[in-house]
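Q: So you can see what is in the structure, the chains are spelled out below.
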Amino acid sequence: MPEVLQKILWLSTALFFIGVYGMLTRRNMLAILMSLELMLNSVNINFVAFNKYLHPEKLDGIFFFLFIVTIAAAEAAVAIAIIIHLYRYHKNIDVGETEELKY
Amino acid sequence: MNEGLLVILLLFLPLVTFVVNRLFIGKKWPVLSGYLATLILIITTLLSVVLAWQYYFEYGKINGTYALFIPIDEPWLSFSNSLSINFTILVDALSVMMVLVVNIVSLMVHIFSLAYMKGEDRYGYYYAYLGLFTFAMLGLVLSGNIFELFIFWELVGISSYLLIGFYYTKPEAVAAAKKAFIVTRFADFGFLIGILLLGSLSNQFDIVQMVGSLTSQQTLTQGAGTSFIGLSALTWACLLLFMGAAGKSAMFPLHIWLPDAMEGPTPVSALIHAATMVVAGVFLIARFFPIFQLDGTVLTIVGIVGAFTAFFAAIIACTQTDIKRVLAFSTISQIGYMMLALGVDDNILNPHLGYTAALFHLFTHAFFKSLLFLCAGAIIHAVHTNNMLEMGGLRKLLPVTHIGFLVGCLAIAGVPPFSGFFSKEAILFAAYQQHKWLYAVALVTAFITSFYMFRLYFSIFWNKPVKNEHTHEGNWLIKLPLLILIALVIVTGFIPFGNFISANGKPLLLPMHIGFSVIPVLLALLGIVYAAILYFKESNVPASLENSFGLVYSTVKHKFYIDELYQFITHKIIFNGIGNASAWIDKQVIDKLVNVSAGITFSFSIAIKKLQSGKVQQYLLIFIVGILCLFVLFLV
Chain V
1 MPEVLQKILW LSTALFFIGV YGMLTRRNML AILMSLELML NSVNINFVAF NKYLHPEKLD
61 GIFFFLFIVT IAAAEAAVAI AIIIHLYRYH KNIDVGETEE LKY
Chain F
1001 MNEGLLVILL LFLPLVTFVV NRLFIGKKWP VLSGYLATLI LIITTLLSVV LAWQYYFEYG
1061 KINGTYALFI PIDEPWLSFS NSLSINFTIL VDALSVMMVL VVNIVSLMVH IFSLAYMKGE
1121 DRYGYYYAYL GLFTFAMLGL VLSGNIFELF IFWELVGISS YLLIGFYYTK PEAVAAAKKA
1181 FIVTRFADFG FLIGILLLGS LSNQFDIVQM VGSLTSQQTL TQGAGTSFIG LSALTWACLL
1241 LFMGAAGKSA MFPLHIWLPD AMEGPTPVSA LIHAATMVVA GVFLIARFFP IFQLDGTVLT
1301 IVGIVGAFTA FFAAIIACTQ TDIKRVLAFS TISQIGYMML ALGVDDNILN PHLGYTAALF
1361 HLFTHAFFKS LLFLCAGAII HAVHTNNMLE MGGLRKLLPV THIGFLVGCL AIAGVPPFSG
1421 FFSKEAILFA AYQQHKWLYA VALVTAFITS FYMFRLYFSI FWNKPVKNEH THEGNWLIKL
1481 PLLILIALVI VTGFIPFGNF ISANGKPLLL PMHIGFSVIP VLLALLGIVY AAILYFKESN
1541 VPASLENSFG LVYSTVKHKF YIDELYQFIT HKIIFNGIGN ASAWIDKQVI DKLVNVSAGI
1601 TFSFSIAIKK LQSGKVQQYL LIFIVGILCL FVLFLV
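Each protein sequence line maps, in turn, to chains V and F. The first sequence begins at 1 in our numbering and counts up by one. The second sequence begins at 1001 in our numbering and counts up by one.
Hints in this document: simulated from the structure, not taken from any laboratory. Remember, predicted model here, so these are calculated numbers, not experimental data. Glycine included, each C-beta is placed from N, C-alpha and C at the ideal position. Among these hints, one or two may not hold up.
Claimed, not checked - Counterexamples of contact, computed for chain V against chain F with all Cβ distances above 12 angstroms:
no. : residue
1   : I8
2   : L15
3   : V20
4   : E37
5   : E75
6   : A81
7   : K91
Stated by the list, open to error - The list that follows gives simulated cross-link-like pairs (lysine to aspartate or glutamate, EDC-like), each with its CA atoms no further than 16 angstroms apart:
no. : chain 1 : residue 1 : chain 2 : residue 2
8   : F       : K1609     : V       : E99
9   : F       : K1610     : V       : E100
10  : F       : K1027     : F       : E1120
11  : F       : K1615     : V       : E100
12  : F       : K1506     : F       : E1120
13  : F       : K1615     : V       : E99
14  : F       : K1610     : V       : E99
15  : F       : K1615     : F       : D1591
16  : V       : K52       : V       : E3
17  : F       : K1061     : F       : E1154
18  : F       : K1118     : F       : E1473
19  : F       : K1572     : F       : D1586
20  : F       : K1178     : F       : E1154
21  : F       : K1028     : F       : E1120
22  : F       : K1467     : F       : E1538
23  : F       : K1027     : F       : D1121
24  : F       : K1178     : F       : D1188
25  : F       : K1615     : V       : D94
26  : F       : K1615     : V       : E97
Could you build the full structure based on these sequences and the hints that come with them?
A: Structure below.
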């Protein structure tokens, strides 16, 4: 395994767990959404890095990266729409307010 | 007319009255429903007369023997190729005779009830239930399949239950209805086991084939192999059938329901609890008579139980003061006579005299006992009480009823030339030839019978001067059935009954010896004279006699405390012993088990309820921890 790839993997792992930490601890829903983007992007880094250093003759990793970016954009749109609606009901975007959804 | 169609019409027309009256017109137009039911009964009675005429005089006799016909045999429940329960109609000398009796008595009761039940609440339903009863009773006597017979047997029981409890606002009537139903159900439990035993012994439920296969020699030797407590399976089957018969026919010790059943309307007592349903037990034994004959022990038991019941019920009847209860005990006593006659049937000394005598007595008893009950109904209708001590001197006010009651009493006492004399003579003669002891019991019972019947007669119609001069008899609807029945009671004794009904279908001459008849007739007259001495004029002799007997009298008056004994057994022993024990098990074991399992589920759900908090981040944490665990599990 090339030396560079290992470093990149360390970076993406670090990014992923920063995202996990943010998701678990933040109360603000926008912050949670940002943490989610961090996790997605760490995965993207992995795809691109594996593609480049292990199978440079193929483009599969790049395609997956493109798909994930597209989906992440769509997901962000939906998530922000939900957040705006919740804000209209509760006048804040604390994630604790969503507890009532279990009923 | 085709005999199959005729029988079907005969059987199902009363069912039509039941359905129409109960569902459609009984509530809105009760008077119409009464007339409709009576009209239909007139039609079925005419049909049954046609059937009887055709059977006995036109096609029934083949080579001098009454043959049996099966006009209808439709598969109804088929379990397998070899085992099926058919809807079979069996027309033979016995069933035709029963159809005739049921229809005639039912018609009389229908006509009588038009006046007697007039203005009663639920008048239309009353006729509906009468229709149901008539249908069930006709089905019972025409059944050619033992399961079909059982179904009709239960239908008869349920219509009896409905009619006993007709005055459902009276607690006694409700209790009596329940008692009748439970006691007969208890007996029917034995009957059902007997049916299954017979079915397994002969591999079929068709009565004719069953009797045929069981009486063939081959099955006999097979059946003898299996035994239980020293008796063969066949004997057990017969005993269990007799148990069912004893329950329906109120034989000791299952007689307790019949006196209480008198809470029902009086015409119902005349139809169900005197003339037709209660003799279904006698009919049942007669129907399976060839099987009973295979085993002398069962027939002996039948005879002894019959004789004992006849004597026992006659003694109780002497102390009762409710006129319907006296008649109820006399019914029990007379059915005891029929059972006695079946029990002393012997094909060696005098071929099947007992069988014919029993059915002859059934035939005559149906008419004179329904006459007595309808007279009692007319009396109750006129004076509004059941207690004979409050009556007296009614002979001038109720002339037709007076003559009817007198004729009925003379018939049941066995005074010639009334019908009871002939049938009772036949029974006594059969008993005399077979068992001298049973003959002696029957003779004593004959004396007691005439005593208590004339005690009743003198108390009602003579004794005291009349209390209320304005009592009147009622219209022709009351008088007409009484007159018809009086005629029947006088005529039926002269029918050469042995020509029509006998165990093997061949004509049998009922013996009539003047010398033999002297003793029973003298005893009957003695009973009448004795009753006349005590009750013809109002006196205190009966009361002082009661006092001098003291304890004996009160024991008899309380019906030998049999009801109390049953009460003790059911309440103190069964309810306390078995009932409480099973209630304890139910509460402590079964309910506890259910409660504990419910409790476990509940506390478990309380414990895991906190997991579903609605906090998204908590879910996420659990999810991630789970993923990590899987990661550790599979990759490390």
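Q: Now tell me, hint by hint, if it's right for this structure.
A: Status of each hint after checking the structure:
For I8 of chain V, the shortest C-beta to C-beta distance to chain F comes to about 21 angstroms, beyond the 12 angstroms cut-off, and the non-interface label holds. With a minimum CB-CB distance of about 16 angstroms to chain F, L15 of chain V clears the 12 angstroms threshold, and the non-interface call stands. At roughly 6 angstroms, the least C-beta separation between V20 of chain V and chain F is not larger than 12 angstroms, which violates its mark as non-interface. With a cut of 12 angstroms on Cβ distances, E37 of chain V stays outside the contact zone with chain F, its closest approach being about 15 angstroms.
At roughly 15 angstroms, the least C-beta separation between E75 of chain V and chain F is larger than 12 angstroms, which holds for a residue marked as non-interface. For A81 of chain V, the non-interface assignment is confirmed: its Cβ lies about 17 angstroms from the closest Cβ of chain F, beyond the 12 angstroms cut-off. Chain F leaves K91 of chain V outside its interface by the beta-carbon criterion, the shortest separation being 19 angstroms against a cut-off of 12 angstroms. With a CA separation close to 14 angstroms, the supplied pair K1609 of chain F and E99 of chain V stays within the 16 angstroms bound.
About 14 angstroms separates the Cα atoms of K1610 of chain F and E100 of chain V, which keeps this hinted pair within 16 angstroms; it holds. Between K1027 of chain F and E1120 of chain F the CA atoms are separated by roughly 12 angstroms; this keeps the pair inside 16 angstroms, and the hint holds. A C-alpha spacing of about 9 angstroms is found between K1615 of chain F and E100 of chain V, which places the hinted pair at or below 16 angstroms, so the restraint holds. Annotation: proposed proximity of K1506 of chain F to E1120 of chain F is violated, straight-line Cα distance about 49 angstroms (limit 16 angstroms).
Taking the CA atoms of K1615 of chain F and E99 of chain V, the gap is about 5 angstroms. The hint holds against a cut of 16 angstroms. For the hint pairing K1610 of chain F with E99 of chain V, the CA-to-CA distance comes to about 13 angstroms; that is within 16 angstroms, so the pair holds. The suggested pairing of K1615 of chain F with D1591 of chain F is violated, with an alpha-carbon distance near 39 angstroms, which exceeds 16 angstroms. At most 16 angstroms may separate the alpha-carbon atoms for a hinted pair to count; K52 of chain V and E3 of chain V meet this at roughly 13 angstroms.
Simply put, K1061 of chain F and E1154 of chain F have alpha-carbon atoms about 33 angstroms apart, too far for the 16 angstroms limit, and the pair is violated. Taking the CA atoms of K1118 of chain F and E1473 of chain F, the gap is near 14 angstroms; set against the 16 angstroms cutoff, the hint holds. Restraint check: the Cα-Cα separation between K1572 of chain F and D1586 of chain F comes to about 20 angstroms, which exceeds 16 angstroms; the hinted pair is violated. The suggested pairing of K1178 of chain F with E1154 of chain F holds, with an alpha-carbon distance near 14 angstroms, which does not exceed 16 angstroms.
A C-alpha spacing of about 14 angstroms is found between K1028 of chain F and E1120 of chain F, which places the hinted pair at or below 16 angstroms, so the restraint holds. The suggested pairing of K1467 of chain F with E1538 of chain F holds, with an alpha-carbon distance near 13 angstroms, which does not exceed 16 angstroms. This hinted pair checks out: K1027 of chain F and D1121 of chain F have alpha carbons roughly 10 angstroms apart, not beyond 16 angstroms. Only pairs whose Cα atoms come within 16 angstroms are accepted, and K1178 of chain F paired with D1188 of chain F is accepted, the gap being roughly 15 angstroms.
With a C-alpha separation of about 11 angstroms, the suggested pair K1615 of chain F and D94 of chain V falls inside the 16 angstroms cut-off, and the hint holds. In summary, the hint linking K1615 of chain F to E97 of chain V is supported, as the alpha carbons are separated by about 9 angstroms, within the 16 angstroms threshold.
Of the numbered hints listed earlier, those contradicted by the structure are 3, 12, 15, 17, 19.
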